[in-house]
Every structure is written in C-alpha cells, then in structure tokens.
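Peer 1: Single-letter residue listing:
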Amino acid sequence: MTAQEIYDILKAQFGEAVLEAKLENVADPFIKIAAGAIKEVSVFAKNDERFQFDYLSCLSGVDFKGKLGVTYHLYSMTLRHKIVLKVEVPTDAPNVPSVESIWKTANWHEREAFDLLGINFLEHPDQRRILLPDDWEGHPLRKDYQTPEFYNGMKVPY
Amino acid sequence: MTALTTYFNDIYRSVSSTMTGMRITFKQMISPTVTIQYPHVKMKMPDRVRNRLFMNFDDCIGCELCAKACPVDCIDIEVMKAPPTESLGETSTGQKKRIYVTKFDIDIAKCCYCGLCVYPCPTECLKMTDVYEFSEYDRSNLIYNFGTMSPSEVETAKIKVKQYDEEQTAKKAAAAAQAAAAKAAAAAVPPTAAPVQNAPPQSLDSTPTQQ
Amino acid sequence: MNELKLLLENPIVMSVLLAFVPIVFILVYALVTLYGEMKVAAHIQNRLAYMENGWHGTLQPFADILKLLQKEDIIPTAADKFLFSLAPYLVFVGTYASFAVLPFSSGFIGSNIDLGILYLVAASSLVVVGLLMSGWASNNKWSLFGSLRSAAQIVSYEIPGVLAILGVVMVLGTMNMQTMTQMQDGGIQNWLIFGGNFALGQKLALIPFMFILFVIYLLSSMAEVNRTPFDLPEAESELVQGYNTEYSGMKFAIFYLAEYANLFLVSAVVVILFFGGWTSPFGSFMGGPVWSAFWFIMKGMFFVFVNIWLRWTLPRLRVDQLMYVSWKVLTPFALFCIIAIGFIMVV
Amino acid sequence: MIETLEKPKTSTGKTLRTEEMIVNMGPQHPSTHGVLRLEVVLDGEIVTDVIPHLGYLHRCFEKHCEHMTSYQQVIPYVDRMDYVASMTNEMAYVVAAEKLLKIEVCDRVHYIRIIMAELQRIASHLIAIGTFGIDMGAFTPFLYYFRDREKILELFEMTCGARLLYNYMWIGGLSHDIPPQFVEKTKEFIVGFKKTLQEVNDLLNYNEIFIKRTANVGILPKDLAINYACSGPMLRGSGVNWDLRRDDPYTMYDKFEWDVIVGKGEMGTVGDVWDRNMVRQLEMWESLRIIEQAIATLPEGDVSKAIPKRIRPVPGDAYGRVEGPRGELGVYIIAEDSVTPYRIKARAPAFVNLSVITEISKGAMLADLVAIMGSIDIVLGEVDR
Chain A
1 MTAQEIYDIL KAQFGEAVLE AKLENVADPF IKIAAGAIKE VSVFAKNDER FQFDYLSCLS
61 GVDFKGKLGV TYHLYSMTLR HKIVLKVEVP TDAPNVPSVE SIWKTANWHE REAFDLLGIN
121 FLEHPDQRRI LLPDDWEGHP LRKDYQTPEF YNGMKVPY
Chain B
1001 MTALTTYFND IYRSVSSTMT GMRITFKQMI SPTVTIQYPH VKMKMPDRVR NRLFMNFDDC
1061 IGCELCAKAC PVDCIDIEVM KAPPTESLGE TSTGQKKRIY VTKFDIDIAK CCYCGLCVYP
1121 CPTECLKMTD VYEFSEYDRS NLIYNFGTMS PSEVETAKIK VKQYDEEQTA KKAAAAAQAA
1181 AAKAAAAAVP PTAAPVQNAP PQSLDSTPTQ Q
Chain C
2001 MNELKLLLEN PIVMSVLLAF VPIVFILVYA LVTLYGEMKV AAHIQNRLAY MENGWHGTLQ
2061 PFADILKLLQ KEDIIPTAAD KFLFSLAPYL VFVGTYASFA VLPFSSGFIG SNIDLGILYL
2121 VAASSLVVVG LLMSGWASNN KWSLFGSLRS AAQIVSYEIP GVLAILGVVM VLGTMNMQTM
2181 TQMQDGGIQN WLIFGGNFAL GQKLALIPFM FILFVIYLLS SMAEVNRTPF DLPEAESELV
2241 QGYNTEYSGM KFAIFYLAEY ANLFLVSAVV VILFFGGWTS PFGSFMGGPV WSAFWFIMKG
2301 MFFVFVNIWL RWTLPRLRVD QLMYVSWKVL TPFALFCIIA IGFIMVV
Chain D
3001 MIETLEKPKT STGKTLRTEE MIVNMGPQHP STHGVLRLEV VLDGEIVTDV IPHLGYLHRC
3061 FEKHCEHMTS YQQVIPYVDR MDYVASMTNE MAYVVAAEKL LKIEVCDRVH YIRIIMAELQ
3121 RIASHLIAIG TFGIDMGAFT PFLYYFRDRE KILELFEMTC GARLLYNYMW IGGLSHDIPP
3181 QFVEKTKEFI VGFKKTLQEV NDLLNYNEIF IKRTANVGIL PKDLAINYAC SGPMLRGSGV
3241 NWDLRRDDPY TMYDKFEWDV IVGKGEMGTV GDVWDRNMVR QLEMWESLRI IEQAIATLPE
3301 GDVSKAIPKR IRPVPGDAYG RVEGPRGELG VYIIAEDSVT PYRIKARAPA FVNLSVITEI
3361 SKGAMLADLV AIMGSIDIVL GEVDR
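Chains as they are written, first to last, in my numbering: chain A, 1 to 158; chain B, 1001 to 1211; chain C, 2001 to 2347; chain D, 3001 to 3385.
Wrong hints could be hidden among the right ones.
Reference excerpt, derived from the structure (chain B facing chain D, CB under 10 Å, subset only) [as the list claims (entries may be wrong)]: (1) R1013; (2) S1014; (3) S1016; (4) S1017; (5) Q1028; (6) M1043; (7) V1049; (8) R1052; (9) A1069; (10) P1071; (11) C1112; (12) L1116.
Just so you know, the hints here were simulated from the structure itself, not pulled from any lab data. For glycine and all other residues, C-beta sits at the position ideal for the given N, C-alpha and C.
All chains should be modelled from the sequences, with the hints used to inform the complete structure.
Peer 2: Written out as structure tokens, the structure reads:
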C-alpha cells in the first residue's frame, strides 16, 4: 500500500486528528497526527485489515526547540509496507499517550525518550529512566541542556 | 517414539556426540598452534594500518584543517599569522609557510584512530604510523607536543607580529588619512584598498582564537 | 644412631613420616597437573600457553603458587570468619585422608586396612562438608548456590559411584585395596576391565558389565570432583566461581590443591578398580616396587588427562539434567550390572 | 520447560516455608556479555522474574553527534555502537545519510560494502556463537571461532587499517578501495573457514549436552517476537521468514542468490534457544555464498567519486535500516540547514531484542537464563549506546 492510500484511509477515519502529511519528495513519507489521538490511530493501524502494522520498528523522540516530537516508524510484516507517524507536543506540557499496550517494544523506546528528552508518556506502565542513573537531573538530548558540573561529587566534563 | 526408545536414544547420542567431540579436540591438539609469542614475534602490519599519529612539523602550514576534522578534538593547535616580511621557509612540497604554529599538541589518549585528520591535510604532514606500543605510566606523557617552537621563539614571534600589526594599523591610519585627504581634495579618484598582501588560505577566515 | 632407630620404630613417628609421602606426592603432582592442564587445554585450543618461565614455561606453576602465597588473605567482613577459614582445610583433609589407603606400589601403602575402599568413600565424603561450609560462610548468594549444588551433586553421584565399586567388590571379594590390586596382577589380561583373573567363560561374561561399571564410575567420579561437564558448583558463567568466589590467596590455593588431589584420587580408584592398580601390563616384566609405583602414577595420570580432555570438549549440564543422569541413567544401570555380576559370580 | 516443582513438605505434611531470593546478575558477571545488570528473583533454581537494568555503558553518542562539525565525523561514533559489528553500523548510517542526501554510489561501492558487511556478519556471529558456547561451559569452540575471526579482522585491517573500528564506509563511497591481494585472501579464508564451521557444528551445536541445554528453553513465540519488534536471528529463530536484505533491499542484495534461514524447531520447539543459535550458524554459510558471488562479479569503478566535499543536506529526515548481525539496525537522521546533524537516533537491535528477556525467561532455571541471554546476543555497547 502506498503512503497516499494510507493517508487517505487515515484521513477518512480520523479526520481532524490527522494534521498534515508529506508524501512526496521526502526520504520517508510521513503523516502528522495530533498528539492526543496517536493511541487511537495506532490501534487502528495495527488492527485494520488493510494496514496490519504489527511491527513498530523505531520510536524516536526529538527536541524541536519549543516543541518535542515523537516519530513512529511502522512496518507491516504481512503486507510489507511502511509509514512514518509523527506527533508534536509543546515542551512545557510534553504528554503523549503511550503505545506500549499496542506494541510491547514501545516500552523501552518510550522509557528512553522519557529518559533523554523528558517526554511524558501517559499510561506507560513503568516509566523510569532507562539509560541514565535514576538520580540524574535533566534530559540530555534537549537542545537547551546544560551539562552539570558535578554528579554525586564526580566531575562530569573530563 | 516411546519413552524407552527416547531414553536409549538419548544415551546413544550423548555417547556418540561426546566421542565426536573428543575426536575433534584430539585432532586439534596434535595440529600446529596458531598463536605467536607476541613480544618476541610480531605480526606484520599491513600498509594501511592506522595506529599512532605522527606529525611532521616541518611541513605544517598551520591551516588547522586536521583539528577541525577530528571528531574528538584531540588536536590542539595555536597559530599566529606571520608578517609577510618574515620568511618561515617552505614545506617539502614547496608550499610557502605563512603562519606561525606556536602550539601543536595531539592528545593521543583521546585519539580514536579514525584517521579523519589525515585526509584533509594539504601538505600530507600528518600520518598514522604502524607503531602500536606506546603505553605510558603518566597520562600527561600521552600528550605529544609536535610543535618545535621554543617559548622564547614564540615570544619573539609574538613581538614581531605585534610590531607588524602596529605598523599595519599605522599604515592603515595613514592611508585612511591620506585617502580622506585625497577624497577631500578630489572626489573623482577612488580610494585604494588596504594593502592586501599574501591573502591567507580560505580556511583561516574563521580562526579568531589566537591572541 | 640407636636412638634414631628407636625413634623410627615408634609407630606414631613412623606414621607421621609415612603421612609425608602423600603430601609430597600431592604437591609435586599438583604442580605437574597444573602445568599439564594448561598445556593440554592450550593445545586443544590451538594455543601455546606458558612459554616464558623456563623451558616451555615449566617454571610457571611455581610462579603461580608463589603468587598465590603472596596474595592478601581476604576474609569478607560479613563472612563467618571461623567457618570461612576452616572450610578449605576441611576440603583438603577429606581428600588427603583418602590417600592413606591408596596402594601406590606393591611395596607402599599408607594403611593396609581391610575396609580400604569403604574408608576411602567415607573419607572423601568429608569434602561435601567443607564445600557446604565454605559456601555458607562466604555470605554470598552465588557461593551459597554453588555449595548447595555441589552438596546435592556429590551426594547424588556417590550412589552410582558406590554401586559401581560394589560391583567390583563382588567380583573380587575384598575391600582391601592392596589385595584388590594383587588379584589383578599378572599382565594386562588380568585387569578387571578385561574380565579379571577368572576362567574364560566367566571372564568374557564379565567384560561388558565391567566396561559399563567403569564408565559409570568414571562419570560419577568426574561429578564428585566437580569438573566439566559436571562443574555446576563452580560454573563460572552462571555462578561466577561458585563456592570459592570469595576466597583468595592461600585459601584459594588450598581449594585448588584439594581439587587436583581429588582428581588424582578418583583417577587412582578407577585404576585400582578396573586397570589393575600398580600392576605392570606385561606381567612380571617391569614389575617390582619401583616400577609398580611408576605404573600406578602413569595410569592415574592417564585418567587425569582423560578428565582434562573431556573438560575442554564438553559443555556443562544443567542442574535437573545432572540429577537425571545420576538417578535415571547411572543408578539403574549400575544396579542392573550388580545383579548381572551376582549371577555371573554365582554360576 | 521445567515443570513447576512442588513445595517441599515436612514429614507431617506441612508445606515448608521457602523464600524467594533476589540476586544481582551483573554488572560484573561473566555471562552478561558486558555490563548489564539483571535483577533476578529466584525460587530455588527457578527464575520467577527478571528485571534488566541498563545504562552502565551509556555515553549518549546521539548527543555527541549533535556537536559534530560534519556528517562525516559521526562515523567513528557509530563504529563504537556495536563494537563487534562496526561495518554494519557504518552501513546503516551511510545508507540513511545517502537516502537523506540522495547520493547514488557506483556498483563497486555497493559490492564492496556487501562483502564487508557479510564478512562482518560472520565475524559477529562467530563471537555470538563462541561466547554462547562459553555460557554453556564449552570454552574450546570459542577459541576455534576466534582463530578464524582473526583472519576476517586481518582482511579488514588490510583494507582500511583498523581491526575493530573501521571508519571505512563513508557517505558516498569508501575510504579506500580494496587492496589488490584482498580477493585472493578472501577466497583462501572461505576455504579454510568452511572446515571450521563444520567442525564446530559437530563439536558444539550437535553435542547432546548442548542440545539438551538449549532445546525447548526460552521459547519465543512468533507473535510475541513481532510485537516486541525482535529482529535478526532472534525473529527468524522464531520462525518468521523476514530478512531486511531480501524484504527491504538496500544496496544491491537483490542481485545475489541466497536463502533466508528460519528456525524450524529441529531439536525442540520453534523459537527456542537452539533455533536462534542454529540460525546464526547457518546464516554464516549464506553469508559465505553472498561473498563468493560478490567477489566473483566485482565490478570496476571509482569508490571515492561520489564522496561529497561538503555535506549540507536540505532539511528533512530519513530512516535507513540494514540487517545487522543482531537484526534491524536503523539510523534515523533529522537534518536542518546546517553541516551538523540535528538529531541522530539509532534503533539498536540488541536494545530491542533484550527487552523481551523478561517474557521468555520466566519459569526457566538459572542456567537457562544464561543460555537465553547468550542466545539474544547482546552487545552492551549497542544496548546502552
């Protein structure tokens, strides 16, 4: 299924929640989804006969200076097509619904995005830091992140 | 398969696969070894090997391309534009040197041996050698000072540059005054540009780090 | 001079002196095996191992021992200090005491008692106590795991091992190890693995059962000395180092020494039971006390080598499989052999 | 699987009180393949829960990349991600970057990249199976495999000068063409290596103890594997016939003749530890097939022609993925109008594969946990990045 068809179906199904799409002249065609609707869209994308996106190949968080974004790379093992979904949330209220209940693999990806970018995944069962120590302050992949001088009495920059 | 045949089959297979394994290990035991006695015997290094960085300071023109190419910032260079009156000699490829390199340090402890600094060097003075035994007891010994200018030389160079700069500013001021005077005298004559001698290489445009 | 003679005739002094023979032997043997194991392992793996100290690294075991002696003797703060220190010695004592009844040659046996093999089985069981003690006293979960595993393992494998011994005892009708060996004297054809010194029909009937008993005993002896494929108590990829994780320096060395001594002990028992102990394979040719000591040690070392060879070939079993092998394979087979041997001996 | 043991009872029939024990496996444990810490809850020998704690090797290379002065400088960093398979890391990054920049490289570059990636896959699988053998207590196969891995490393060293962290594949080309004696030496290696493969197959993979230890252990069902986005041998071991090299072809894999290996449950159930290990073992034969074809039909060309002098992409993003030895290795690059990448995210297969460990190790024994971990084939440099 081409990206255009996927977009059309999603647009028909969710209307307003599908914000925009860039399907041509890009490396990977993507569809922007309203942050609040990502869970519903994901459920639909996984369970719909035409989509069957059963494989979440990557979930990445991005800091767009003022906005935080999450990118979902979906793939279907049965139908062998793919699509990219993107959501954006403001940095001061970075709440994105978790898709952990749909794709279990999102669990660690979302923990990583929470850890490094401070995106809050709603209804995530186990939202803890994963790569950094539990008592680390700040979210390093934010663009305005300042490296701390000391961590537990150890000098940080070498 | 009934339980009993499985039982005996398992026993048979354990014995036979153990025998196979023992045969293989015995065969390997009597076959020649593949290791070498390292400090006494050394492997031959291929031509392209990338180990310790070596820098031929005589050829360095101070362009700082290597420092920019380094992903881990292990090359530390300080340069100073030399007055054009000064002759700094030539590189072995015949390129004229125009910049004082007052400091050229490579912190080999930080080096990641990627070789990215080797490619941009215009005079091919940086290269990766096949020396791989250079551990030290003191970490500070791993900072290699390739620069050959002694502190006193650096001082004299600084003074020379300063003098030249002062001269230049004086000249410029004079020229400006002259130009102003000329302008006042006859507006038709276009002012001459400030004397541009020996335009520095492109890459130097963004090196404001020096004193 | 007379006083010295008198002193030597004193039974206590004599036994103390005699007791030195095995310990000297163990020390020398441990060095040789340490070197041998490293070399065999290395050559199996296409490596060279020790090459630096002495000719082909022959002095390396001495250096290793010296290093272990110099090392700081660490006792963890939370450990039970008394038991922690006692355990390695207990392990060693159990093994060492068993050497008393080994007939090293036709002319030398520490204590020629009639219940030799029974004593050996009993004394070597002391090892379990030591291992359990070390694991418990270390106050380390991995160590505890290792020692519990080893206790379960050694106790389980004692049964097929003892049953195998029982089969041999039934054939030979004695528990005295010197007598056992003497009964197999007279050349390679008289060894029990080849049917022993019996009439031809009986001999041929005995051979398969003796072979099975030999394999059973070899396997259970390997399990008793905790060597691959039965090295679960110290499985380094699971339990770090098992019961001796917390040990260092001299105490660790003692564990090591005990393990190697135990290795020779069980190999020696295999030799005595099935391969004619110190008897020469050529009958009276190359016999005599000195040659017999040579044969005994050589045969023992051969089985040590087989142990090493197996160790570097096989992967490790899992706990439940270990128990499976003991209770469901070795023990029934051993019982079956005993019954069969009983029939053969009666008929 | 082990049937659940009944609680021990006293002679009067009362159930004995037993306690669960929590042990920390790692970060300094011989079989965690690095610095992973598993908090294991044990009931006797049986694992009731596993909680992985990662991050001991975290250096946030993604942050480093945002401070580079060019796209080129990222390559030494991605090298260090999965340090036993640097070539495929580079390949993933380069594929993503070329997708972003719309650079076309010549056939020779593609072929050499494929040869390198397949050699790297073999080298990586050799470590995976070798260390898995160590986990099982068999030390010797590990060294046989290392002996042959050494030859691959020599080939790499001859080509690009480094043995482990190559910086060989560049955006738009390669740092060097292959040296003249490379083809010869590779052919030599293949001949010798086939022998070793067969030998270790007999010594380890078909050893009865090894089979008993691995068959029916750590079974990962098909749907669970997909839901957890497992990839590579982990997914194929579970019987999913999916390989990026065939199903989403990058470079020129579609030119070659080879098969995707899928676990069949030969010794136990589909998706058990033995299957995963066997998929790796058989995949090496397929890699050899690809290499043989590639060196036989190596086209001519200039490998550094398409290397851009200065990389400044148009704003946008690209997700490039390749089939690494551990599975789908994806690199997600977001570019702004600058010479520095705005954001780079690596989708590390080992990281994703590891997340399934809690599911598949419940009810296994402690020794099985080690086997399961070995069969996932984690490289902590990649998990923690």
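Peer 1: Going through the earlier hints one by one, which of them does the structure break, listed in rising order?
Peer 2: 8
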